[in-house]
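Student: Please arrange chain Z with the ligand on chain X, whose structure you already have, making use of the hints.
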Amino acid sequence: MSVPAGGNDAEDRRFIARIARGDGAALTSLYDRYGAMCYSLALRIAHSVPLAEDVTQEVFLAVWQGAGKFDPERGTVRTWLLAMAHHKAVDAVRRAEVRRGQPADEPAEGGDEVREPARPGNPGMHLGDPVAEEAWLTLQREAVQRALESLAPEQREVVTLGYFEGMTHREIAARTGAPLGTIKTRMRLALQALARALRSVETDAER
Amino acid sequence: MSHREHADSIGAYVLDALEPEERRAFEAHLRACPICRAEVDSLRAAAADLALAIPPALPSGRLRDRIAAIPTVARIESPPSPRPIPWLVRWPALAVAAALVVALGGLLASNIQMKSEMASMKQSMAMHQQVLTVLADPATKMTMLRGQEEMGRVTFVYNRQRNAGVLVISTMKTPPAGQAYQLWLLLPEPASAGMFKPQAEMHVVPVTGNIAMSKGIGITVEPEQGSPRPTSQPLLIATW
Ligand SMILES: [Zn+2]
Numbered sequence: 001m002s003v004p005a006g007g008n009d010a011e012d013r014r015f016i017a018r019i020a021r022g023d024g025a026a027l028t029s030l031y032d033r034y035g036a037m038c039y040s041l042a043l044r045i046a047h048s049v050p051l052a053e054d055v056t057q058e059v060f061l062a063v064w065q066g067a068g069k070f071d072p073e074r075g076t077v078r079t080w081l082l083a084m085a086h087h088k089a090v091d092a093v094r095r096a097e098v099r100r101g102q103p104a105d106e107p108a109e110g111g112d113e114v115r116e117p118a119r120p121g122n123p124g125m126h127l128g129d130p131v132a133e134e135a136w137l138t139l140q141r142e143a144v145q146r147a148l149e150s151l152a153p154e155q156r157e158v159v160t161l162g163y164f165e166g167m168t169h170r171e172i173a174a175r176t177g178a179p180l181g182t183i184k185t186r187m188r189l190a191l192q193a194l195a196r197a198l199r200s201v202e203t204d205a206e207r
Numbered sequence: 001m002s003h004r005e006h007a008d009s010i011g012a013y014v015l016d017a018l019e020p021e022e023r024r025a026f027e028a029h030l031r032a033c034p035i036c037r038a039e040v041d042s043l044r045a046a047a048a049d050l051a052l053a054i055p056p057a058l059p060s061g062r063l064r065d066r067i068a069a070i071p072t073v074a075r076i077e078s079p080p081s082p083r084p085i086p087w088l089v090r091w092p093a094l095a096v097a098a099a100l101v102v103a104l105g106g107l108l109a110s111n112i113q114m115k116s117e118m119a120s121m122k123q124s125m126a127m128h129q130q131v132l133t134v135l136a137d138p139a140t141k142m143t144m145l146r147g148q149e150e151m152g153r154v155t156f157v158y159n160r161q162r163n164a165g166v167l168v169i170s171t172m173k174t175p176p177a178g179q180a181y182q183l184w185l186l187l188p189e190p191a192s193a194g195m196f197k198p199q200a201e202m203h204v205v206p207v208t209g210n211i212a213m214s215k216g217i218g219i220t221v222e223p224e225q226g227s228p229r230p231t232s233q234p235l236l237i238a239t240w
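These protein sequence lines map, in sequence, to chains X and Z.
Following the working numbering, the numbering of the first sequence begins with 1 at its first residue and continues without gaps.
Following the working numbering, the numbering of the second sequence begins with 1 at its first residue and continues without gaps.
This is chain X alone, in the form it adopts within the complex (with noise of 0.2 Å):
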């Protein structure tokens, strides 16, 4: 995106060949990069720290056994990480709803049951200094924000609770009123619109 580190695909894929050869280390090496983005994504969804712990530890298991068949003509590292994430997330929510009747809001049973606060933190880059690091961070921060903003309102409204809430499209449709199948639709040209307003932001910056 908007400034060139931290996104460092190339670097990113050079884990996943060592990871697809079986080094472990690489493996931790890549969680540092990414382990606080897929866990502050999941905690978002799920609204629980040990499901999100779970969710994580299934993202970097399926990266442990998956990493050989990693494509990267079809996306950078960093968004399949952020997909699986994404995907297990609203999975594990589902899951969780199915069996309680309700929404998940409460961890799930055994063992560490603490709650820790949810604390700033750096997910994924590294530029060696925390400040740029921070930086950085809130720059892409304001830049999709300011993508998001620049939606239709229904389109925004359809990305967020998609997105961000883990709903189906059914369950949108039932929230918003709007009829059933309007909601697939607005979904694709509200991420066809945000694609284009990212790819703007982009070019903007490497004026």
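No wet-lab data here; the hints were simulated from the structure.
Each residue gets a CB set at the ideal place from its N, CA and C atoms; glycine is no exception.
Heads up, some of the hints might be wrong.
[Stated by the list, open to error] With the Cβ distance kept under 10 Å, some of the chain X side facing chain Z (calculated, not the full set): (1) 23; (2) 27; (3) 61; (4) 94; (5) 142; (6) 162.
Tutor: Frame of chain X; chain Z with the ligand shown alone:
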């Protein structure tokens, strides 16, 4: 369904917002349709960027330990099981303990004719059995003991329905000379549940007593012969 109809699901697919059946149908189309794959890839990158808008949370150090243990745990579990056994993945310490138990079993088998070792073997076997039985049950839970964690990393694996439990000692500092660690089950009065001296390697200690009725477990330092009641505050404790 045509490509056009399927393509309408791309956004919902990328947002993980399809119902399970719709998802399966779309994925089947995706495998056959490079046009949809290209759009999924492009929209997925945009969706992943949304994660950057989330206020960052810092995961605990124990999560990093769990990730670092994945290579070891996955090796123990492979090759036959295509899906990892959840508790093994979730609790790497236990996986290592289970591996030790398996190793112990192998040793026992090779020494089986040595009558002089029968006594200790029986004892180990009983422990081995107890660990395996507890581990095999889905009602089994685990909890990490908290408190003076610089003293050691100890996990209690227990099953209150079976009234069974084992302590997995990952690390524990050596107690002062003439003293040992004593376990206490938190019943209305603390009840002694055994003594142990830490070993260099990770090891398991069977816990005896009324686990079913207990509300927790604690570890204190006591004279080697044990105390009828705890004489100090627990170093490590877990409650449930
Ligand atoms: Zn298609």
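Student: Work down the list of hints and note, for each, if the structure agrees.
Tutor: Hints and how they fare:
1. 23: The hint holds - residue 23 of chain X has a Cβ within 10 Å of chain Z, the shortest such distance being about 8 Å.
2. 27: Because about 6 Å separates residue 27 of chain X from the closest Cβ in chain Z, which is inside the 10 Å limit, the hint holds.
3. 61: 6 Å, holds
4. 94: Holds: closest Cβ of chain Z sits about 9 Å from residue 94 of chain X, inside 10 Å.
5. 142: Because about 9 Å separates residue 142 of chain X from the closest Cβ in chain Z, which is inside the 10 Å limit, the hint holds.
6. 162: Interface hint status for residue 162 of chain X: holds (4 Å vs cutoff 10 Å).
Taken one by one, the earlier hints all hold for this structure without exception.
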